[in-house]
Amino acid sequence: MRKNAIVRWIDHRLPVVNFIEKDLIGYPEPKNLNYWWNFGSLAGIVLVVMILSGLFLSMHYTAHIDHAFNSVESIMRDVNGGWLIRYIHMNGASLFFVVVYIHIFRGLYYGSYKSPRELLWMLGVVILLLMMATAFMGYVLPWGQMSFWGATVITNLFSAIPVVGPDIVTWLWGGFAVGNPTLNRFFSLHFLLPFVIVAVVLLHIVALRIHGSNNPVGIDIKNDSDFIPFHPYYTVKDLFGLGIFAMVFAGLVFFSPNLLGHPDNYIPANPLATPPHIVPEWYFLPFYAILRSIPSKLGGVLAMGSAIFVLFLLPWLDRSKVRSATFRPITKILFWLLVVDVLILGYLGGKPPEGWYVIFGRIATGWYFLHFLLFIPLASWFETPHALPTSINLSIKEGTATAIASAKKKGVR
Amino acid sequence: MAQRDQEIIDIKADSTESRRDFLLLATTTIGAVGAASLAWPFINSMNPAADVLALATTEVDLAPLKPGQAITIVWRGSPVFVRYRTEAEITAASAVKMNELPDPQTDEARVKKSQFLVVVGICTHLGCVPLGQRPNDPKGEYGGWFCPCHGSQYDTSGRIRRGPAPRNLDVPPYVFKSDTTLLIG
Ligand code: HEM
Ligand code: FES
Numbered sequence: 001m002r003k004n005a006i007v008r009w010i011d012h013r014l015p016v017v018n019f020i021e022k023d024l025i026g027y028p029e030p031k032n033l034n035y036w037w038n039f040g041s042l043a044g045i046v047l048v049v050m051i052l053s054g055l056f057l058s059m060h061y062t063a064h065i066d067h068a069f070n071s072v073e074s075i076m077r078d079v080n081g082g083w084l085i086r087y088i089h090m091n092g093a094s095l096f097f098v099v100v101y102i103h104i105f106r107g108l109y110y111g112s113y114k115s116p117r118e119l120l121w122m123l124g125v126v127i128l129l130l131m132m133a134t135a136f137m138g139y140v141l142p143w144g145q146m147s148f149w150g151a152t153v154i155t156n157l158f159s160a161i162p163v164v165g166p167d168i169v170t171w172l173w174g175g176f177a178v179g180n181p182t183l184n185r186f187f188s189l190h191f192l193l194p195f196v197i198v199a200v201v202l203l204h205i206v207a208l209r210i211h212g213s214n215n216p217v218g219i220d221i222k223n224d225s226d227f228i229p230f231h232p233y234y235t236v237k238d239l240f241g242l243g244i245f246a247m248v249f250a251g252l253v254f255f256s257p258n259l260l261g262h263p264d265n266y267i268p269a270n271p272l273a274t275p276p277h278i279v280p281e282w283y284f285l286p287f288y289a290i291l292r293s294i295p296s297k298l299g300g301v302l303a304m305g306s307a308i309f310v311l312f313l314l315p316w317l318d319r320s321k322v323r324s325a326t327f328r329p330i331t332k333i334l335f336w337l338l339v340v341d342v343l344i345l346g347y348l349g350g351k352p353p354e355g356w357y358v359i360f361g362r363i364a365t366g367w368y369f370l371h372f373l374l375f376i377p378l379a380s381w382f383e384t385p386h387a388l389p390t391s392i393n394l395s396i397k398e399g400t401a402t403a404i405a406s407a408k409k410k411g412v413r
Numbered sequence: 001m002a003q004r005d006q007e008i009i010d011i012k013a014d015s016t017e018s019r020r021d022f023l024l025l026a027t028t029t030i031g032a033v034g035a036a037s038l039a040w041p042f043i044n045s046m047n048p049a050a051d052v053l054a055l056a057t058t059e060v061d062l063a064p065l066k067p068g069q070a071i072t073i074v075w076r077g078s079p080v081f082v083r084y085r086t087e088a089e090i091t092a093a094s095a096v097k098m099n100e101l102p103d104p105q106t107d108e109a110r111v112k113k114s115q116f117l118v119v120v121g122i123c124t125h126l127g128c129v130p131l132g133q134r135p136n137d138p139k140g141e142y143g144g145w146f147c148p149c150h151g152s153q154y155d156t157s158g159r160i161r162r163g164p165a166p167r168n169l170d171v172p173p174y175v176f177k178s179d180t181t182l183l184i185g
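If you read the sequences in order, they're chains A and B.
Mapped onto my numbering, the consecutive letters of the first sequence carry residue numbers 1 to 413.
Mapped onto my numbering, the consecutive letters of the second sequence carry residue numbers 1 to 185.
Just so you know, these hints were derived from the structure itself, not from any lab.
It is possible that part of the hints are untrue.
To be verified - Covered by chain B, according to a simulated footprint, are these stretches of chain A (three or more residues, beta-carbon under 8 Å):
#1 179-189
#2 269-275
As the list claims (entries may be wrong) - Per label pair, the in silico range of CB-to-CB distance:
#3 B:Pro41 x A:Ser74: 28 to 38 Å
#4 B:Lys177 x A:Asn258: 41 to 51 Å
#5 A:Val16 x B:Trp40: 39 to 49 Å
#6 B:Trp40 x A:Pro162: 42 to 52 Å
#7 A:Met59 x B:Arg19: 54 to 64 Å
#8 B:Leu25 x A:Met59: 45 to 55 Å
#9 A:Asp264 x B:Arg162: 20 to 30 Å
#10 B:Val175 x A:Pro268: 28 to 38 Å
#11 A:Ile102 x B:Glu100: 46 to 56 Å
#12 B:Ser18 x A:Ile308: 44 to 54 Å
#13 A:His277 x B:Asp179: 38 to 48 Å
#14 B:Leu25 x A:Leu374: 52 to 62 Å
Don't be surprised by glycine CBs; every beta carbon is placed ideally from N, CA and C.
Bound-form chain A, shown alone (with noise of 0.2 Å):
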């Protein structure tokens, strides 16, 4: 309890004093998390740069075909540190999918997706479905030639939906191509939804604090020897995350502000004239190369939503008990090789259409549903996982590989 009077006044009657101590400076985290464990809180101070930012930009911006490529080139060159504020917010765009995907691929390699993690990992998903419209929508308001025809390939994807497809095409537009009621609503969407994406952010935390923090070995928290508190051992090492984020973010945002941008959005939107090599932001490109190697519209439609649908229903697919892959020998290999191809993936979506880019798309695409709806449930079934250490303080005082070896000495699974 605090010895201070207005402070035990205020908490008697709103207790976030109490909820600061309680749950964010000595909340016990496991004491062997590691790096990768840092993109949780940089991607929620991401989310915080991208809100100021964007609320700084729309100060100046001008939701209408007529203006909008104008008033993004008046921030860039009239008003005051707006070229900043803009690469800050481009930048920042970028680094959050970046961030977040690693983050995402932290939690595949150590199973944080598992029992009784699962809504967590669900409420992440739904994160990052309404990061990617948020950008969308964003990505289309300097009204350069990718932004309209990102918008209008895009927005056609719904076509494909049998019957009412057209018929819901022409509402998301407000008419008969992406025009200015289109730019519109894509503005107040693009400005509401980093909201919501707090709120959902807020229950992400909220299922989090349940169960705590998954960790690399992925055991549970059994006594005391296995935690330290949050403060000051993470808000330390998270920080100096953030220092080296900063570092790269300023190197970018400084160095080489366009390097992740496509030169053809300053050119203005044309309706007329489709750029000869459309291509998306990079951090759309594996979707957008599933989308293309199915040959046919539905088909590809459905394969693209499939493909961050599977995610919700991986906690089912994975029966393992183990939870850390560095126990698991198959799931481990996997795991590279899921990293392997949407990598892959990501170099074709960005290549034309044509001969082998189709060829090798289409296996990597087929890879990559296998990988979830195959391989990961039969590895799951059929591997042997190596013995857990038996607690966490365990594996840290003798190394994980003796914690193993240990562990198997006696007998412990």
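We have chain A; now place chain B with the ligands onto it with these hints.
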């Protein structure tokens, strides 16, 4: 207090239970229907507005066009392709067998005057504008249009021949007001 609890239990055990259930159900239903019907005006507000719908027709003079040439017209914010086809292109289009077409349609069914092909210039896959209007554009293997986005190929009748697009290029509603005056819409 205990007395009151007893009363409540008594009331519940009574036959009035089914009446309460009915009232509760009725209220909930009316509430849900009310909320849903209030949602409709909001959803509908996102459909095309009256001024967008009012963009009716576009008129063009095709007299300057020579065989083999093409022009692109804007109709309702979308490109419309008009191609003055050569004899060779027309014969090629009508010679195609129906079983070779993913979306079978005869060439005659797609034109009003066989020399002028009028189609909406939007790929039926995901809405890009296919190439093939300008002389040095790639026209694909079938001499019509080639969509750069995902490689759909259309023939000289604007019919889909290869690639992911499901349908032929749409034919917009149009009439010829004179031999060379085209009214689209
Ligand atoms: C989840 C967080 C967010 C993401 C991932 C995101 C993503 C993006 C992206 C990719 C762009 C296009 C940048 C470009 O190429 O020029 C953009 C533009 C924009 N965003 Fe956001 N955004 C987020 C939050 C916000 C918020 C909260 C606001 C408003 C309060 C906002 C306002 C704007 C404005 C006005 C533009 C147009 C100016 C420009 O294009 O630079 N954004 N956003
Ligand atoms: S939009 Fe034309 S092939 Fe996809």
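Problem set entry | Violating hint indices (sorted, rising) | 6 and 14
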